[in-house]
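Enquirer: Spelled out, the chains give:
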Amino acid sequence: MLQLKDVKASINNKSIIKGLNLNIKPGEVHAIMGPNGSGKSTLANVLSGKSGYEVSGNLTYQGQNLKEIPIEERAQKGIFLAFQYPLEIPGVNTSNFLKTSLNCVRKSKGEKELDTLTFLKLIKEKASELNIDEKFLSRQLNVGFSGGEKKKNEILQMKLLEPKLSILDETDSGLDIDALRIVADGVNSYKNKDNAFLIITHYQRLLDYIKPDFIHVLSDGKIIKTGNAELGQELEKSGYENLN
Amino acid sequence: MKNQEINSQEYKYGFTTDIENIKAPKGLTENTIKFISKIKKEPKWMLDWRLKAFNRLKVLKEPNWQKPKFPKIDYQDLYYYSAPKSMKDKPQNLDEVDPKLIETYKKLGIPLNEQKRLNGIAVDAVFDSVSVATTFKGELTKKGIIFCPISEAIQKHPDLVKKYIGSVIPISDHYFATLNSAVFTDGSFVYIPPNTRCPMELSTYFRINASETGQFERTLIIADKGSYVSYLEGCTAPMRDENQLHAANVELVALDDAEIKYSTVQNWYPGDKNGVGGIYNFVTKRGACRGKNSKISWTQVETGSAITWKYPSCILQGDNSVGEFYSIAITNNYQKADTGTKMIHLGKNTKSKIISKGISAGNADNTYRGLVDINSKATNSRNYTQCDSLLMGNKCGAHTVPYIKNKNSSSTIEHEATTSKINEEQLFYCNQRGLNQEEAVSLIVNGFCKEVLQQLPMEFAVEAQKLVSISLEGSVG
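Heads up: the sequence lines are chains X and U, in that order. Heads up: the first sequence is residues 35 to 278, going by the numbering used here. Heads up: the second sequence is residues 2 to 478, going by the numbering used here.
Just chain U, same shape as in the assembly:
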């Protein structure tokens, strides 16, 4: 009985907003793509780009090298665009936005109205296929910072979008990335002008609401010379017994001396305790450290989704550029994760650091898969990798699959990996100090994840800690 109660508390974002939608016709066809492009009032070059991707998609196959296998997805049985009807006329300010949408975000803990906005955090709220609202736009504009839905950027800043979209993830990259290029709907666009430090955290909150609908978010962040930005995304979805597809593309570009810090707290619906339902989170995230001395840092806390398949990567082109990847992946019940990173060292004196913490409970399966690739020209490059896995119970699995390619004799590569079971003695020690089982697990696991949690922006670190504990509730004893 106690377990059931815990399970029903586990996913508190599982509600559905009852709202009238406009949908694209079902199926993946040229007409669907034209529908999306038209409803977004896109210029012709964008539609052409989408169709090029669509043609390429016809010859591609889904990747099958990852550990989690999934039933065949019927791409003709999905909706590729779904947006609240009320968003059709593009509300000019929050007063014009459907109160049901405002209420939805309020329930998710993301107040959008002026008075109650999160302090020092600008939010772009994406609901299914459309951005609902973006806060603090005015203040950011004063500094020359562009933070808006990508569909708006395509219309208002076509030169920037044209120059950078697809420059990190080419449209022919692989099945899910190419699918996204053909049918992407909304996401955020960020441009930080030279020598500007973005004065607040930028964040996007992705919400899937409609059923039988895939979400194809596209985000593009450009940090011009000498600039800095910290960006955070959060995600949730209703509880359903179907599997829903989320195939996002995120591209980051850092020019000379620029730094981008990108954090994710992924809490898509993970499915129920028997593994029914949940999101397929098949995401392509890649950053290019294009300029010298540039830096891109990925931090991810992956607690949701039925299957997580993502490898936020860094292409270290500029000399002295730095790539970092900090990851916590938690899988419970029947969740599966195959996640890691690729660090491609091209420039001289490039450095990368990978810290991965995988936690597996219940019947779940967790794989770290990573590539460190040091090019022949990348003299004096360094990589440090640390992969730790923690197992809870005896029905779950943890796997570490590191690939290392080194073509340069002056480079240094270090790899450390550990796998451990949650220690009964540690639990006993905590219990003997008055902590109950769940408090003890939470304390030990948060300690295990600490190096990654402390990378998160302060405002989110506390939330993430709680999420880590909630994701594992009921997994021991």
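Chain X extracted, bound-state conformation:
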């Protein structure tokens, strides 16, 4: 699904990712761990197409050169980024935003846009799966949401848009145990053989709930170690410092 070969990325002439290789197949869950400043969020931004980065190397998504696809088309083709800090958009009703978003994605696939009633039925269903109060949908997008509510909203959007590749950028940070469980349940219930996850996190905590197939340790812009789920527990005990 996604192949990265010798990917380098810099911003304002500062090199951040320095030769990264990664191969993600459908049905797989990959976790990226690593210390602050190792390039984890940059990787998420580069994959989703955020502007401002100078990117080199081969990035192939579903056989296409990712660099040639604009941000919104990447989203339409199934790349979803759950933001570390979801943005507040004042005056924009959450359910209206979700409907606009879903219909943009549907339109790009040549599917019929959903009318308001059909959409509301769908979104209420998805919201209740995540234990999200319906009132949440009529509030302004992320405005005045608690940290946990914002992250749950990201997972709700993921379930609604049904992406192929979901990138979770520190979705677990700032969550209490209950919210963490809801987020993890959301991911687990959506996981299937056709879609893949790239989970960026600092902590083993989330990986207790979502079992990764691979854990990659990112340090100074490179993957320095790749292992299975046990690597996470090892890191939790000994930290990143002792890896080298």
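None of these hints come from the bench; they were simulated from the model. Treat the hints with care, as some may be off.
No farther apart than 20 Å at their CA atoms in a straight line, the calculated lysine to aspartate or glutamate pairs in the EDC-like style are these [to be verified]:
hint: 1; chain 1: X; residue 1: LYS141; chain 2: U; residue 2: GLU440
hint: 2; chain 1: U; residue 1: LYS467; chain 2: X; residue 2: GLU147
hint: 3; chain 1: X; residue 1: LYS84; chain 2: U; residue 2: GLU426
hint: 4; chain 1: X; residue 1: LYS160; chain 2: X; residue 2: GLU196
hint: 5; chain 1: X; residue 1: LYS111; chain 2: U; residue 2: GLU417
hint: 6; chain 1: U; residue 1: LYS86; chain 2: U; residue 2: GLU21
hint: 7; chain 1: U; residue 1: LYS451; chain 2: X; residue 2: GLU122
hint: 8; chain 1: X; residue 1: LYS146; chain 2: U; residue 2: ASP273
hint: 9; chain 1: X; residue 1: LYS158; chain 2: X; residue 2: GLU168
hint: 10; chain 1: X; residue 1: LYS141; chain 2: U; residue 2: GLU439
hint: 11; chain 1: X; residue 1: LYS42; chain 2: X; residue 2: GLU122
hint: 12; chain 1: X; residue 1: LYS111; chain 2: U; residue 2: GLU440
hint: 13; chain 1: U; residue 1: LYS293; chain 2: U; residue 2: GLU325
hint: 14; chain 1: U; residue 1: LYS467; chain 2: X; residue 2: ASP149
hint: 15; chain 1: X; residue 1: LYS184; chain 2: U; residue 2: GLU426
hint: 16; chain 1: U; residue 1: LYS352; chain 2: U; residue 2: GLU417
hint: 17; chain 1: U; residue 1: LYS59; chain 2: U; residue 2: ASP49
hint: 18; chain 1: X; residue 1: LYS84; chain 2: U; residue 2: GLU43
hint: 19; chain 1: X; residue 1: LYS143; chain 2: U; residue 2: GLU440
hint: 20; chain 1: U; residue 1: LYS163; chain 2: U; residue 2: GLU43
hint: 21; chain 1: X; residue 1: LYS225; chain 2: X; residue 2: GLU122
hint: 22; chain 1: X; residue 1: LYS84; chain 2: U; residue 2: GLU425
hint: 23; chain 1: U; residue 1: LYS13; chain 2: U; residue 2: GLU104
hint: 24; chain 1: U; residue 1: LYS396; chain 2: U; residue 2: ASP273
hint: 25; chain 1: U; residue 1: LYS422; chain 2: X; residue 2: GLU122
hint: 26; chain 1: U; residue 1: LYS274; chain 2: U; residue 2: GLU474
hint: 27; chain 1: X; residue 1: LYS84; chain 2: U; residue 2: GLU440
Given chain X's structure and the hints, the job is docking chain U onto it.
Expert: Below, chain U without anything else, positioned relative to chain X:
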């Protein structure tokens, strides 16, 4: 290339109707005024009133305190009256109206014929200097409501017109208002009798068609005791490389317990992307809450015009009266807007609320200018003002100039203001959810304007939302 295509789509009302006109002689003279008064078959008192204004005009100067400056207007090089020849014999019904005029309004999305009329909205259609047609007149008459061109009201309801015209905007007020009093041509007149709720939206659609012609609309709305009316005006003009002057006067009077809701969707031709052409929209709008517990609410969506200069205001005379001003002003390319309101608190327990949203893109400049004036007798008065400005790009400007005069220690005045740039992160967030750049801008800006948009009558809110998006097309990225 893509940009050019967008620009050519931007103003879809830019066509001209090819029609034979009757014009007043060029220039601003006593003869021009007499010509207008005569062709409108006005009584002598009206002509005298006009001439009084004209004499006053001779000693007045154009205001120059506003931020947008404009080249000197040669008032002798303008036509002050232009009307389709076919309107001379006053068609008695729509069948007698020139099909070209009917077609024009159809193209503008305002069908005038019986079968296709807008649902629940009565329309007065003003073309250059003359009202072409007024719909639903019969139904309104049954309730005692008068809705007709002001030129007709001068003939048929002289007592009402005499009593109220110039009572809110005196003929000596300021240059453009006085100019309007001297040469005004057509506009709407509304009278709602006591304890009557107007059963439908009333609206006027102003269209400028002729070149080298100014439009001087005059509207007068009176809501008698305990009545309610919601009124909406819309405006468009052809694309031309000259600047055309639109100097309107709108007066509202609300008596005891009456309420007037006045909404404007202003989409005059804004000029091209280099700032050539466009309308000078120099408008005086003022409402008097003359009775106790009365309310006047202005809502404006200003997206057109090369220069917009207007301050819809409320004089809160009656005790417990309420004035509101909700505004969206969007300027793109080289457009300039200097707009806001005046809330004059005279009565006790009077309340006013000002919500202003200014959006600036391209090389445009947008100023909010407002006055809150609380008189010494206006005990326990309150004002709340919120001015938000949104900037798109780094060549545009936003300014907020609030004046506050308070002569009463029991009053409460609150003022909040914010200025922000459209946020790259917000755009990225929307793009990442599958929205393209224009869809994202439209969503964010409509959210920014929401408090004002939701004040508009339902039928127009959707149109206004689209207009907001179209006005900003091509302004980002």
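Enquirer: All hints are to be evaluated individually against the structure, with a verdict given for each.
Expert: Hints and how they fare:
no.	hint	result
1	X:LYS141 - U:GLU440	13 Å, holds
2	U:LYS467 - X:GLU147	18 Å, holds
3	X:LYS84 - U:GLU426	9 Å, holds
4	X:LYS160 - X:GLU196	11 Å, holds
5	X:LYS111 - U:GLU417	43 Å, violated
6	U:LYS86 - U:GLU21	6 Å, holds
7	U:LYS451 - X:GLU122	15 Å, holds
8	X:LYS146 - U:ASP273	37 Å, violated
9	X:LYS158 - X:GLU168	7 Å, holds
10	X:LYS141 - U:GLU439	15 Å, holds
11	X:LYS42 - X:GLU122	31 Å, violated
12	X:LYS111 - U:GLU440	18 Å, holds
13	U:LYS293 - U:GLU325	16 Å, holds
14	U:LYS467 - X:ASP149	18 Å, holds
15	X:LYS184 - U:GLU426	16 Å, holds
16	U:LYS352 - U:GLU417	17 Å, holds
17	U:LYS59 - U:ASP49	16 Å, holds
18	X:LYS84 - U:GLU43	67 Å, violated
19	X:LYS143 - U:GLU440	17 Å, holds
20	U:LYS163 - U:GLU43	12 Å, holds
21	X:LYS225 - X:GLU122	28 Å, violated
22	X:LYS84 - U:GLU425	10 Å, holds
23	U:LYS13 - U:GLU104	15 Å, holds
24	U:LYS396 - U:ASP273	17 Å, holds
25	U:LYS422 - X:GLU122	14 Å, holds
26	U:LYS274 - U:GLU474	12 Å, holds
27	X:LYS84 - U:GLU440	17 Å, holds
In this structure, the earlier hints numbered 5, 8, 11, 18 and 21 are contradicted, and the remaining ones agree with it.
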